[in-house]
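Going down the list, the protein sequences come from chains A and B.
Just so we're aligned, residue 1 is where the first sequence starts under my numbering, counting upward by one.
Just so we're aligned, residue 1 is where the second sequence starts under my numbering, counting upward by one.
None of these hints come from the bench; they were simulated from the model.
Mixed in with the good hints, there may be bad ones.
Said to hold, decoys possible - Derived CB-CB ranges, DEER-like:
{"no.": "1", "chain 1": "B", "residue 1": "Thr18", "chain 2": "A", "residue 2": "Ile175", "range": "35 to 41 Å"}
{"no.": "2", "chain 1": "B", "residue 1": "Gly128", "chain 2": "A", "residue 2": "Phe197", "range": "33 to 39 Å"}
{"no.": "3", "chain 1": "A", "residue 1": "Ser198", "chain 2": "B", "residue 2": "Gly225", "range": "46 to 52 Å"}
{"no.": "4", "chain 1": "A", "residue 1": "Ser198", "chain 2": "B", "residue 2": "Gly128", "range": "29 to 35 Å"}
Think of the CB as a built atom: it goes at the ideal place given N, C-alpha and C, for glycine as much as any other residue.
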Amino acid sequence: MKPIRIIIRSFRDAFKSVVRNFSLSFASIMCTTITLILVAVAIVSAANISNATKLIEDELSIIVYLEKETSEEKIENIKTDIESQSNVEKIVYKSKDEWKHELEDYDDTFDTVLNYLEDNPLLETFVVKTKELNKMEDTANYIKSISGVKTVKYGEGSIDTLVTVFDIVQKVVVIVVIALILVTAFLISNTIKLTIFSRKSEIEIMRLVGGSNIAIRLPFLIEGFIIGIIGSIIPICVTIYGYVILYSQLNGRLFTNLIMLIKPYNFVFQVSGVLVIIGGLVGMYGSLKAVRKYLKI
Amino acid sequence: MKLIEFKNVSKVYKNGVTALADVSVTINKGEFVFVIGLTASGKSTFIKMLYREEKPTKGNVFVGGLNVGKIRNGKVYKLRRKIGIVFQDFKLLPKLTVYENVAFALECVGMKEKDIRPKVMNALERVGLKSKIRSFPGELSGGEQQRVCIARAIVNEPKILICDEPTGNLDPETSEEIMKVINNINKDLGTTIIMATHDKDIVNRMQKRVLLIEQGVLAGDYAKGSYKAHEAD
Chain A
1 MKPIRIIIRS FRDAFKSVVR NFSLSFASIM CTTITLILVA VAIVSAANIS
51 NATKLIEDEL SIIVYLEKET SEEKIENIKT DIESQSNVEK IVYKSKDEWK
101 HELEDYDDTF DTVLNYLEDN PLLETFVVKT KELNKMEDTA NYIKSISGVK
151 TVKYGEGSID TLVTVFDIVQ KVVVIVVIAL ILVTAFLISN TIKLTIFSRK
201 SEIEIMRLVG GSNIAIRLPF LIEGFIIGII GSIIPICVTI YGYVILYSQL
251 NGRLFTNLIM LIKPYNFVFQ VSGVLVIIGG LVGMYGSLKA VRKYLKI
Chain B
1 MKLIEFKNVS KVYKNGVTAL ADVSVTINKG EFVFVIGLTA SGKSTFIKML
51 YREEKPTKGN VFVGGLNVGK IRNGKVYKLR RKIGIVFQDF KLLPKLTVYE
101 NVAFALECVG MKEKDIRPKV MNALERVGLK SKIRSFPGEL SGGEQQRVCI
151 ARAIVNEPKI LICDEPTGNL DPETSEEIMK VINNINKDLG TTIIMATHDK
201 DIVNRMQKRV LLIEQGVLAG DYAKGSYKAH EAD
C-alpha cells in the first residue's frame, strides 16, 4: 500500500509542479520541442536515404550474356561456376525468349523489329545479384573471364557513384541523428536542471524530514517525463503532417523515379513513437541527473 | 536509558580545520540539553552530526541505536524519521500553507491521507497555530513560522528533537514563547531535546543540563541547574 501511495502522490506532485512552475516548465518544453523537431527531420532523412539506397541496390544486378550456340551442359557449368563466387547472392537464368517478351511489352518498336526477324537475335543470359555492391566490379570481371560468356553488363557508372554517395550520406546522417539525440539530452537535462535548481530547498527539506531517496526522486522523474512527452507533441505533428504533405507534393519520389520515398503511413507513426520515447527518456534522465546533486544533504 | 552517545568523536574538515576533538558524551532519554559555545566552537558540527549532515572523521556517534557515521546516503531517511529538526532559518516551503508544510513531513514518509490529518492538527494545536492552518509562511511572523517548523518536527512523534539555534532570529519575547513550546514538548511528550543556542538568558533561566563546547573540545558538562552563564561573558 505504501509504495502505491507514494507513486500516486508523486504523480499528483509532478503535475502540480509542472503547472506551478509553468514558466520554467515551458522553457524545458520548448527546448525539447525544438531539438526533437531537428531529431525528427534527421530521422526521416536517414530512413529515406537508407530506404532509397536499398531499393537501388536491389535493382542493380549483373547481366551475363552467353555466347550463341552454347550447349545446355556448358550453361549449367557456367551457372555453377558463378554460383561458387562468394559475392553472388542469387543467379537466375533468363532465356532470350523471356527477354524478347519483356522488350516487346516495353516498346512497340521492338515488337515490330523483333518480329520482322526470323530468328531471335538476342542472347541467353543470367541475371546475377551480388551481396556487396563494392565488389560488384570484381565479380563482373571474373564472370567475364569464364569461357562461354560473351560479355557482362552491370549498373551504369552514374548509379554506381550515386550509391556510393548515398552510402556516405547515410553514415553521416546516422552520426548526425546520434549527435542530435545527445545534444537534446544535454540541452533538456540542463533546462530541467534549472527548473529543479529553483526547488533545491524543497529537496533539502524532503531529505531532512525523512523522505527516502526514491520518494524524493519519483515526482521529479515523472515531471521530467511529462515535460518530455509534452515537448514531443509539436514535433510529432510536424512529422505526421509535414511528411504526408511532402510525400503527396513530390508524388512519392525525389527528383527521379530512382529515389522513392517511404510510404507515409506507419512510417510517420513509427517516427512519432521514437520521438515520444526519446522525449520521455531524455526528460527523465535530465531530472534524475539534476536531483542527484541535491540528495547529498 | 542511553539515547545518544558520542564516543571519542573527532571531526576534521577537508580544509584542515579541526571542528571537534575527542568528544565523548551520553544523553539519556527524556533529557533536555543545551549545547552552548561561541561561533566556530564546533557546536554546529556537534548538532549536525546528530542528523548526519556531517559524519565523524574518528569515533562513533550513536543516535537511537544507529551508528550515524556508518549510515549510507540512501538510508539516511531511517535516522531522520526518528528525529525532528528545528532550524534557525525555519526551512519552510513558501508555496505551501501551514497545514501543507506540516503534512509534507508525513507525506514524504508515505503515510495515509486520513492518518495525516489528525496528526497535523494535533501538532499544530500543541504549538498554538491551529487557527492559521490556511496561511502561507510569508503571512506569518517569525515566531509563528518557527512554531510551524516545530510542529513539522514533532508531527512524526520523534524520540529526539534537535533544535539548531531556534531563537537565533527572534526577539526576546518571542524566544520566550518558543522556549515554552519546546519545554512543554519535553515535559508532555517526554521527547529528548538537544538545543544549540548562544542566548545566555534562556540558558540561565531554563536551568537544564548544559554542554559547553570550546574550540572543539567538550569544556564542561554541567548537570541540571549547576550552570551560570555570567562567567563566559
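We went through each hint and held it up to the structure:
1. Checked against the given bound of 35 to 41 Å, the beta carbons of threonine 18(B) and isoleucine 175(A), roughly 54 Å apart, lie outside it.
2. A hinted range of 33 to 39 Å for the beta carbons of glycine 128(B) and phenylalanine 197(A) is consistent with their spacing of about 36 Å.
3. A hinted range of 46 to 52 Å for the beta carbons of serine 198(A) and glycine 225(B) is consistent with their spacing of about 48 Å.
4. In this structure the hint that serine 198(A) and glycine 128(B) lie 29 to 35 Å apart at CB holds, the actual value being about 32 Å.
In the structure shown, a violation is registered for the earlier hint numbered 1 alone.
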